[in-house]
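Chemist: Top to bottom, those sequences are chains V and F.
Heads up: take any position in the first sequence, counting from 1, add 113, and you land on our numbering.
Heads up: take any position in the second sequence, counting from 1, add 113, and you land on our numbering.
One thing to keep in mind: the hints can contain errors.
Any copy will do: because identical chains look the same in the list, a pair fits if it lies in one copy or spans two.
To be verified - Lysine to any residue pairs mimicking SDA-like chemistry, simulated, CA-CA at most 20 Å apart:
no.	residue 1	residue 2
1	331	312
2	559	586
3	522	561
4	472	161
5	331	308
6	331	310
7	613	552
8	472	167
9	263	176
10	263	169
11	613	525
12	263	425
13	331	301
14	313	336
15	614	570
16	567	476
17	472	567
18	132	417
19	567	475
20	621	512
21	472	564
22	263	178
23	460	538
24	559	471
For the record, the hints were derived by calculation from the structure and aren't laboratory data.
There are 2 protein chains.
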Amino acid sequence: MGNVGPTFTDCSLPLGEFKPLDLEEFRSHAHQMVDFIADYYKNIESYPVLSQVQPGYLRSSLPRTAPYRPESLETILDDINKRVVPGMTHWLSPNFFAFFPATVSTAAFLGEMLCTAFNCVGFNWLASPAATELEMVVLDWLAAMLKLPKSFMFSGINYICVQRTGGGVLQGTTSEAIICTLVAARDRALEIIGVENMSKLVVYGSDQTHSTYTKACKLAGILPGNIRLINTAVDTNFALSPSVLRRTIEADVADGLTPLYVCLTVGTTSTTAVDPLSQLADVAADHGIWIHVDAAYGGSACICPEFRHYLDGIERVDSLSLGPHKWLLSYLDCCCLWVKSPSLLVKALSTNPEYLRNKPSESYSVVDYKDWQIGTGRRFKSLRLWLVLRSYGVANLQTHIRSDVRMAKMFEGLVRSDRRFEIIVPTRFSLVCFRLNPSFLRSGPKRIELLNRKLLDWVNSTGRVYMTHTIVGGVYIMRFAVGATLTEDRHVVAAWELIKKGADALLKL
Amino acid sequence: MGNVGPTFTDCSLPLGEFKPLDLEEFRSHAHQMVDFIADYYKNIESYPVLSQVQPGYLRSSLPRTAPYRPESLETILDDINKRVVPGMTHWLSPNFFAFFPATVSTAAFLGEMLCTAFNCVGFNWLASPAATELEMVVLDWLAAMLKLPKSFMFSGINYICVQRTGGGVLQGTTSEAIICTLVAARDRALEIIGVENMSKLVVYGSDQTHSTYTKACKLAGILPGNIRLINTAVDTNFALSPSVLRRTIEADVADGLTPLYVCLTVGTTSTTAVDPLSQLADVAADHGIWIHVDAAYGGSACICPEFRHYLDGIERVDSLSLGPHKWLLSYLDCCCLWVKSPSLLVKALSTNPEYLRNKPSESYSVVDYKDWQIGTGRRFKSLRLWLVLRSYGVANLQTHIRSDVRMAKMFEGLVRSDRRFEIIVPTRFSLVCFRLNPSFLRSGPKRIELLNRKLLDWVNSTGRVYMTHTIVGGVYIMRFAVGATLTEDRHVVAAWELIKKGADALLKL
């Protein structure tokens, strides 16, 4: 059999009564943990942003089996400080400028504490009415802040038949939002063309669409050869071209294939490109394609009137997802999905086992969110976002977005002021894409890429700043993403000084 | 366009500086929340277990839009108490005996606080080495507690090539575990039979397999007509029959179809049936079928030697999932998945966008968990389970399982002592399946079902206990699931007294 490990029964010392939720212990330990966390936040700048450990560092320092007897909280917290923290890349550090930062706030932390504490499972309305109803309220609130059309909201709901309205739901990640809508679109299409024709379904995106899109399509049974990721170029700032999309679709139709779904992006991962929704919706509508908008990052900015135009045309798409964990201070993981026709989701995703049957569900007077998602169980997730929206108000959230954008513009200005560097695409949100300037370096592409790589590696190796890179249009660029919650002007300025220092050393070689 | 909602810009009062993570505010508010939660736990028995509100109760009492200006924590907590709590079904109530309870503990709460607070995103090793490595350690620890064979563990890992070992990963839910393994199996099969033959793939389970299985199969592009849910019966205690599985598979092969995947269950939702793994593995192995074991509920009991035999044969399956949020005190959501060939998961689920490329990943010396799951982002989820295992030790966790089983047996004894009731299947874990006894009632099946329904409805309408029902083999039964963390003997006894009182009133009519 190859069984391993100890028998866990060889110790016969008395252990006393076991109360996993003793209320006085809960209270005192949780207070202790609050202070531990507040101290971590206080000291966060003292840690290297990017962890400098080697693979295997932790496994080799921990026991190979769980303890048979309890250990004290003090011992565990000591291990967290000595063994875990050194191996963390500190996403909340104000010097974290990598990927897109994952933003946080006191209000969201409190909301998450509550969600955990209640531990109610809202797979259907009856299993926890408040969990379902608060989620509907919060998704409508955020929809209104984004000025989404009513067709995405529950607000017109009547409790005779909730299935006739649009509405929103919280998913864990954009990946789940895409899979759920894709499968809804797929099953609608298969009803028309027949399940035996699944191999004819074709989906569209651009080469800048998030990598999870391809994975989601493959998960849903779309043939890899039927996933079209259309090339973009610097002349459109890496946005998807409506005319190229049209040509691609028409070629597929001519080949006897069935165009199914297109994923458009508001704020791509590499460069925050924005696909032109209105024009692309024109193209897709002509072919009855399900249009999804992935606004994971850029969508949050659209709560400010000056950014809302990026969602122009949204009334013509089928679904929209947005990740408040990226830019609305909400901790991971939190993805909002709005759909115009939840009934299509429900059709594709509903289950109705006897052990979950109940009168409210059968009266069609309630929303059962299990039928809007991949899994069955679900937490009381809306509390977190509800606390953020109420504790800060729309006004402060707008201030927060604008502050990040202002800092990014400041960084862009610093880069532009140094002729050794160039900006690759105009800074639209809070990401700055730049590199060492070829016209200054006067070198071939390979050497230019090598120098940029070296500069980035050096900056990250200091542990004082963490930035990441990408390659677009064949060009290696550095990404400076402003937005960690604790970042202030001084951190941005210090990061720039560090980058300049690296360039000084590198270009003297 | 149909835009709605306020403009959110009509208020021009000064708001002051906005600091979403002010450390002193964080500390004081989080302490306040700890006390709020501890008080909720203290008062939990005073609330009706099953919420008695009507659909729409909350939506109609909340504003239609988010506030423009901040609201105080006091106002929000007051709303939680007055508006949210009354609409909750209290899963943590000691009088919650519905579904399977979702268990909790102080240690898991602390672990979740830490996970939230760190907010590090461990999509690949470098993005947070400690998050990846601790997860590997914790999954190995739990594997050893379950006496899983080494083929499911990282323990044999060498850091030259990690891809050659088995290992575990944390998923959100069983649904995700099933989808990931199913897609790994699917893609392996399609390599052999060709992607154009996806419609020939057939999957197997029983009519007791969790409802999410069918959904997962449909999501992965398995034709609904190719999902075989084999009937079970009371004479095998609702376990899947190896001989019937063999006949079903052979018929499909004879029809030119390709058997792909079978989901076996250790502890079904309706009655905690256990499929006989060894014998079923014999059948499946003959046809090269991927064997998954869903031990969401029953698996946790197998940390006790006296229950371990339910996993006999586990060395011959391909993957195993288990939900510590069900019975290992871990809060939602937490599902462990172990696989023998992670490389097949990675092949099906990997993404490699430029913006995530890094040296450790390219050296193949590390695990990148994004390639073991549906989405990209992931939290530092192992902290919660790590704190549970260390804070309590294996000994206390075994005590906890045994205590729940003991209370269920006690309830079973009470039911058996009353000739008006009957036990439907022997109580194996901590779920008791029972009903009003037909041989006492001397009525037809319809009236017997009606009386049982009425009894359950009455019990739940009191708000003093919450139980659920199921139908197996055409028979309506009540499920009494012991296991809410705060439940003590006295709650079980009181629930039985209430049920008897209901029966008294009902049978006098």
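Chemist: Using 20 Å as the alpha-carbon threshold, which applies to residue 613 and residue 525: within, between, both, or neither?
Modeler: Within. Shortest intra-copy distance 13 Å satisfies the 20 Å Cα cut-off; inter-copy 74 Å does not.
Chemist: Is it within, between, both or neither when you check residue 567 against residue 476 at 20 Å Cα-Cα?
Modeler: between (64 Å within a copy, 18 Å between copies)
Chemist: From the Cα coordinates, with 20 Å as the cut-off, is the pair residue 331 and residue 310 best called within, between, both, or neither?
Modeler: This pair counts as both: shortest intra-copy Cα distance 16 Å, inter-copy 15 Å.
Chemist: Is the C-alpha distance from residue 313 to residue 336 at most 20 Å within one copy, between copies, in both cases, or in neither?
Modeler: Both. Shortest intra-copy (8 Å) and inter-copy (15 Å) distances satisfy the 20 Å Cα cut-off.
Chemist: Have a look at residue 613 and residue 552 and pick one of within, between, both or neither, based on CA distance no larger than 20 Å.
Modeler: Within one copy only: 17 Å inside a chain, 87 Å across chains, cut-off 20 Å.
Chemist: How would you classify residue 567 and residue 475 at a CA-CA limit of 20 Å: within, between, both, or neither?
Modeler: Classified as between: cross-chain Cα gap 17 Å, same-chain 62 Å, threshold 20 Å.
Chemist: If the cut is 20 Å between Cα atoms, do residue 132 and residue 417 qualify within a copy, between copies, both or neither?
Modeler: between (49 Å within a copy, 18 Å between copies)
Chemist: Checking an output row: residue 559 and residue 586, CA cutoff 20 Å. Within, between, both or neither?
Modeler: within (14 Å within a copy, 70 Å between copies)
Chemist: Go through the copies and call it for residue 559 and residue 471: within, between, both or neither, with a Cα cutoff of 20 Å.
Modeler: Classified as between: cross-chain Cα gap 18 Å, same-chain 65 Å, threshold 20 Å.
Chemist: Is it within, between, both, or neither for residue 522 and residue 561, if the alpha carbons may be no more than 20 Å apart?
Modeler: Result: close neither inside a copy nor across copies, 25 Å intra and 73 Å inter.
Chemist: Please work out whether the CA atoms of residue 472 and residue 161 approach to 20 Å or closer within one copy, between two copies, in both situations, or in neither?
Modeler: between (55 Å within a copy, 18 Å between copies)
Chemist: From the Cα coordinates, with 20 Å as the cut-off, is the pair residue 263 and residue 176 best called within, between, both, or neither?
Modeler: between (56 Å within a copy, 16 Å between copies)
The earlier numbered hints that this structure contradicts are 3, 20 and 23.
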